[in-house]
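Peer 1: This is what each chain is made of:
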Amino acid sequence: MEKISRRNFLGVTTKGAAAGIVAGTFAPTASSMIGLGGVASASAKVKPFTFAVLTDAHLYDIPDHRFDAFLEESVAQVNALKPRPDILIYAGDIGQFGKDAELEKGQKILSKLKMPMLVIPGEHDYYLDMGADWRKRFLPKSKQGLEAWSHDHNGVHMIGMNSILVRDFWTDKGLSDHDRMGWLEELECHRCGAWGVHEKQLAWLKKDVAKLSPDTPIIIFTHSPLWDYYPRWNFQTSDAPEIRAILSKFDKVMSVHGHVHQVVYNEIGNMTSAGLLSTSWPWPYPPVELTYPHIKMNRQNPGDFKDGMGSSSVAVGADFDGVMNYHAFSADLLPENVAAGIAV
Amino acid sequence: MKNTMKNVALAGVAAIAISMAGSAFAAKPIVGQEAADQFDALMAAVAKGDNLWHVPQGSNGLGCGNCHPDGSATQPESFPKAHRTLGGRVVALRDMVQWCLQAVSAADGFDYGSDEMIAMEAYATYMNRGAVIELGKDVQTGAVPVISGPGYPGTTH
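Order-wise, the sequence lines are chains A and B.
Under this note's numbering, the first residue of the first sequence is numbered 1, with each subsequent residue one higher.
Under this note's numbering, the first residue of the second sequence is numbered 1, with each subsequent residue one higher.
If you're looking for bench data, these hints aren't it; they were derived computationally from the structure.
Note that CB positions come from ideal geometry on N, CA and C, so glycine has one too.
Treat the hints with caution; some may be incorrect.
Claimed, not checked - In silico negatives: residues of chain A with every beta carbon more than 12 Å from chain B:
1. Ile62
2. Glu72
3. Arg84
4. Gln96
5. Arg137
6. Glu185
7. Lys249
8. Ser280
9. Pro282
10. Trp283
11. Pro284
12. Gly317
13. Phe329
Said to hold, decoys possible - Capping the alpha-carbon separation at 30 Å, the derived lysine-lysine pairs in DSSO-like fashion look like this:
14. A:Lys82 x A:Lys47
15. B:Lys137 x A:Lys99
16. A:Lys45 x A:Lys82
17. A:Lys136 x A:Lys108
18. A:Lys211 x A:Lys47
19. B:Lys48 x A:Lys173
20. A:Lys200 x A:Lys136
21. A:Lys114 x A:Lys306
22. A:Lys99 x A:Lys82
23. B:Lys137 x A:Lys306
24. A:Lys200 x A:Lys249
25. A:Lys249 x B:Lys48
26. B:Lys28 x A:Lys306
27. A:Lys99 x A:Lys45
28. A:Lys296 x A:Lys306
29. A:Lys136 x A:Lys47
30. B:Lys48 x A:Lys296
31. A:Lys173 x A:Lys99
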């Protein structure tokens, strides 16, 4: 693997890819509870480190929008963490409508990060021009057209994938680029189809991990969850079962995802899964039963525009034991058990 | 004593009159085409509310759908209630909708009684249909589960 630098966000580190109503059906186990670590740790040793995650800024092409300030505050939060995170992953939806002006604004704010950054796309970054401006700003020239990457850090194999791909629903309907983005801008779009990573990225993933030993620690980043949380809102990835199957040979896989704008946790097989706080607005919990209902955030105060958001970081231990720490803008957001950090 | 007797007599006459009027003026159940027309009218209002819900109404690009997909976390069944955000006053759902439009979305809001405000209320309430009325409830819940479509019938939206 190549080394990364802040000035070359993604490219030098990447290996390119060609490129229910009940939330999950997996019974919790005692070992999955907070602080116990639900999935057995990988045996390969890790040099302990921390990584930070930001997601879902949803910046508008409007001057001095309050979401600009929220993203700036989240950048300041992670810059101030001690120890400073080695690396930051941006988990999608920098912009709201995919406009280059939104992405440019985000790139400018994120340039203040004091650590290198890896980026994956969200649907709001993508469907105005099918990711052209996003690739231009956040993928290096050598990787244009490739939207999945892997990066080795301190003994951990990190993977990022574009999970927001949908089949073409717009051509037959004669939709303009603007209308296509407008449809997908709505969380409840019921005419857009389910998101996924699709065949090319699955083939890339299979090849990417083929030679890795089962005790290799794996962390995978996607915009949407790799489990069926609430498909109505694309709180899912349609080919997550295939992804989990490819990664099933590993002792332990950490999945970290954006899109849900909330604290949420799940486990499937060898995979732990944790959702992230946004820096724009919080989503309410959908009408499903959570398998881990004790890992939630509190109801936010609508009169406090900053409540419900923040940044996140994960401390990775020597045995690939991880602790997700949420850094909420408002102190009242997190119940004590979540504020203390959750095992991932 | 005389007044008491007079009051009793008047009450008796009134009771008879109400009884007769009841049989004469009781509305028949609304069924058939009339019921269908009423439901269609309601669904048209819900669809109008859905459209308004998901379009930015103000200057900062935010719509109600940003924070309340499918009308989640609106809790129509909990209003009227005293609301901290509105100074602890007892308010109706429309007051909260108006506050969100004006404070969160930087919009002018809709006139009370306007088709737009009624449509917003209709959408939020229909998407939370079946919830038990519990005024003052302070627990945030999701709306009705939606498997496919917009969450209500009779629309091409």
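Peer 1: So, for every hint listed, does it hold in this structure?
Peer 2: Hint check results:
1. Ile62: violated (6 Å)
2. Glu72: holds (17 Å)
3. Arg84: holds (33 Å)
4. Gln96: violated (7 Å)
5. Arg137: A:Arg137 clear of chain B: closest Cβ-Cβ about 20 Å, beyond 12 Å.
6. Glu185: violated (9 Å)
7. Lys249: At roughly 34 Å from the nearest Cβ of chain B, A:Lys249 sits farther out than 12 Å, so the non-interface label holds.
8. Ser280: violated (8 Å)
9. Pro282: Incorrect as stated: the minimum Cβ-Cβ distance to chain B is 7 Å, not above 12 Å.
10. Trp283: violated (7 Å)
11. Pro284: violated (4 Å)
12. Gly317: Holds, since 34 Å exceeds 12 Å.
13. Phe329: Since the minimum Cβ distance to chain B is about 15 Å, A:Phe329 lies beyond 12 Å and the statement holds.
14. A:Lys82 x A:Lys47: holds (17 Å)
15. B:Lys137 x A:Lys99: The hint is violated at about 41 Å.
16. A:Lys45 x A:Lys82: Holds. A:Lys45 to A:Lys82 sits at ~22 Å (cutoff 30 Å).
17. A:Lys136 x A:Lys108: Holds. A:Lys136 to A:Lys108 sits at ~14 Å (cutoff 30 Å).
18. A:Lys211 x A:Lys47: Holds. A:Lys211 to A:Lys47 sits at ~21 Å (cutoff 30 Å).
19. B:Lys48 x A:Lys173: holds (22 Å)
20. A:Lys200 x A:Lys136: Since the Cα atoms of A:Lys200 and A:Lys136 sit roughly 21 Å apart, the hinted pair holds (cutoff 30 Å).
21. A:Lys114 x A:Lys306: holds (23 Å)
22. A:Lys99 x A:Lys82: violated (35 Å)
23. B:Lys137 x A:Lys306: holds (24 Å)
24. A:Lys200 x A:Lys249: holds (20 Å)
25. A:Lys249 x B:Lys48: violated (51 Å)
26. B:Lys28 x A:Lys306: violated (53 Å)
27. A:Lys99 x A:Lys45: Violated - the C-alpha atoms of A:Lys45 and A:Lys99 are around 43 Å apart, more than 30 Å.
28. A:Lys296 x A:Lys306: holds (18 Å)
29. A:Lys136 x A:Lys47: violated (33 Å)
30. B:Lys48 x A:Lys296: Violated. B:Lys48 to A:Lys296 sits at ~33 Å, over the 30 Å cutoff.
31. A:Lys173 x A:Lys99: Status holds; Cα separation ~22 Å.
Consistency note: the structure conflicts with the earlier hints numbered 1, 4, 6, 8, 9, 10, 11, 15, 22, 25, 26, 27, 29 and 30.
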